[in-house]
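Trainee: Full structure from sequences and hints, please.
From first to last, the protein sequence lines are chains A and B.
Under this note's numbering, residues -6 to 104 are what the first sequence spells out, in order.
Under this note's numbering, residues 436 to 549 are what the second sequence spells out, in order.
For the record, the hints were derived by calculation from the structure and aren't laboratory data.
In this text, a Cβ means the ideal position worked out from N, Cα and C, and glycines have one as well.
Among these hints, one or two may not hold up.
Using 27 angstroms as the maximum straight-line C-alpha spacing, the simulated DSS-like pairs for lysine-lysine come out as follows [said to hold, decoys possible]:
#1 A:LYS49 to B:LYS448
#2 A:LYS63 to B:LYS537
#3 A:LYS62 to A:LYS103
#4 A:LYS49 to A:LYS62
#5 A:LYS62 to B:LYS448
#6 B:LYS537 to A:LYS19
#7 A:LYS49 to A:LYS19
Incomplete in silico selection of chain B near chain A, CB under 7 angstroms [as the list claims (entries may be wrong)]:
#8 PRO478
#9 GLN483
#10 GLU487
#11 GLY541
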Amino acid sequence: SQQGEEDPQALSIQEGENATMNCSYKTSINNLQWYRQNSGRGLVHLILIRSNEREKHSGRLRVTLDTSKKSSSLLITASRAADTASYFCATDSNQGGKLIFGQGTELSVKP
Amino acid sequence: ETGVTQSPTHLIKTRGQQVTLRCSSQSGHNTVSWYQQALGQGPQFIFQYYREEENGRGNFPPRFSGLQFPNYSSELNVNALELDDSALYLCASSLVGGNNEKLFFGSGTQLSVL
Chain A
-6 SQQGEEDPQA LSIQEGENAT MNCSYKTSIN NLQWYRQNSG RGLVHLILIR SNEREKHSGR
54 LRVTLDTSKK SSSLLITASR AADTASYFCA TDSNQGGKLI FGQGTELSVK P
Chain B
436 ETGVTQSPTH LIKTRGQQVT LRCSSQSGHN TVSWYQQALG QGPQFIFQYY REEENGRGNF
496 PPRFSGLQFP NYSSELNVNA LELDDSALYL CASSLVGGNN EKLFFGSGTQ LSVL
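Mentor: Written as structure tokens, this is what we have:
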């Protein structure tokens, strides 16, 4: 498969806890992005990290990137029930407009 | 809301038929990409159009074809439908030509092939 891998496939936590999702990919990249999807509908862009960056923050989100290990992680701090969704990483390798998505992590935050 | 609209939202077809899905890009965006998402999987890249030309294509057969119009709206056409074509089809637009730094997705068209 050309897709990257994400783990865990599913994650269930309590409100207020932190959630960490991991993504591994196979080729060199220009950037890596994280998207969120609610109930099989459209994806929403969360954050982008470039290949020359190691860490990036946006509100309650923290993304790290390790290009030597071809991996990234997304941390959601102080989770809320509204964070319940599927989260996907996507890599841009400058291949004619193609983003390669992982298989996603299904996050469930219980109130 | 992203400003990207897709129609129809749901569609049921039978094997062998042809289907056309439509997408209106967010205002000011000149690049549109189409993705197929099977149940429980991540989206897979079908192709991208930039200024009405195909800018890249994924591993999909020629019976998947597309168009982009001068107003940057787009169509995805699938001929000779197969059962495995059942999926959520997502359209995404972006601001800069060929730049994938942030995609704005529509809500998708759920296609069922019987």
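Trainee: All hints, please: hold or fail.
Mentor: Results of checking the hints against the structure:
1. For the hint pairing LYS49 (chain A) with LYS448 (chain B), the CA-to-CA distance comes to about 44 angstroms; that exceeds 27 angstroms, so the pair is violated.
2. Between LYS63 (chain A) and LYS537 (chain B), the direct Cα distance comes to roughly 21 angstroms. Compliance with the 27 angstroms bound is thereby established for this hinted pair.
3. For the suggested pair LYS62 (chain A) and LYS103 (chain A), the alpha carbons sit about 32 angstroms apart, so the restraint of at most 27 angstroms is broken.
4. Distance hint between LYS49 (chain A) and LYS62 (chain A) is fulfilled; the C-alpha atoms sit about 17 angstroms from each other, no more than 27 angstroms.
5. Distance hint between LYS62 (chain A) and LYS448 (chain B) is unfulfilled; the C-alpha atoms sit about 44 angstroms from each other, more than 27 angstroms.
6. Taking the CA atoms of LYS537 (chain B) and LYS19 (chain A), the gap is about 21 angstroms. The hint holds against a cut of 27 angstroms.
7. For the suggested pair LYS49 (chain A) and LYS19 (chain A), the alpha carbons sit about 21 angstroms apart, so the restraint of at most 27 angstroms is met.
8. At its closest, the beta carbon of PRO478 (chain B) sits 5 angstroms from a beta carbon of chain A; the interface hint therefore holds under the 7 angstroms criterion.
9. About 3 angstroms separates the beta-carbon of GLN483 (chain B) from the nearest beta-carbon of chain A, less than 7 angstroms, and the hint is met.
10. About 14 angstroms separates the beta-carbon of GLU487 (chain B) from the nearest beta-carbon of chain A, more than 7 angstroms, and the hint is not met.
11. A distance limit of 7 angstroms between C-beta atoms decides the matter here; for GLY541 (chain B) the minimum to chain A is near 5 angstroms, and the interface restraint holds.
Figure legend: structure checked against the earlier numbered hints; hints not met, in rising order: 1, 3, 5 and 10.
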